[in-house]
Amino acid sequence: MKKKKQEEPTMAPGMSDHEELEQSATNEEIERGEFTEVTNLSYDEVDPS
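Residue numbers (this note's numbering): 20 to 68.
Worth flagging that the hints you see were computed from the coordinates, not collected in a lab. No incorrect hints appear here.
Here are the in silico distance ranges between beta carbons for each label pair:
| id | residue 1 | residue 2 | range |
| --- | --- | --- | --- |
| 1 | T29 | I49 | 20 to 26 Å |
| 2 | D66 | E27 | 35 to 41 Å |
| 3 | K24 | L60 | 27 to 33 Å |
| 4 | Q25 | E48 | 24 to 30 Å |
| 5 | E27 | T58 | 18 to 24 Å |
| 6 | V65 | Q25 | 34 to 40 Å |
| 7 | Q42 | V65 | 27 to 33 Å |
| 8 | Y62 | H37 | 15 to 21 Å |
| 9 | D66 | E39 | 33 to 39 Å |
| 10 | E26 | N46 | 30 to 36 Å |
| 11 | K24 | T58 | 26 to 32 Å |
| 12 | L60 | T29 | 20 to 26 Å |
| 13 | H37 | D63 | 18 to 24 Å |
| 14 | V57 | Q25 | 21 to 27 Å |
Being a predicted model, the structure only gives us computed values, none of them experimental. Even glycine gets a Cβ: it sits at the ideal position worked out from N, Cα and C.
Starting from the given sequences, assemble the full structure and let the hints guide the process.
This is the structure we're talking about:
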C-alpha cells in the first residue's frame, strides 16, 4: 500500500495573497460556516530595561 504524498496548500493563480487572506468573512459566509478563525501573534522585541 502506497502512502499518499502530503501536499502543501495552494492558492489559485492570480490571487493576491495578502489582500485576499486579510478579508473578513461576510455575515452570509459566517452563517454557512465558511470561514476560518485566525489568531495573530505579535512578538515585541523592545528591551524593557
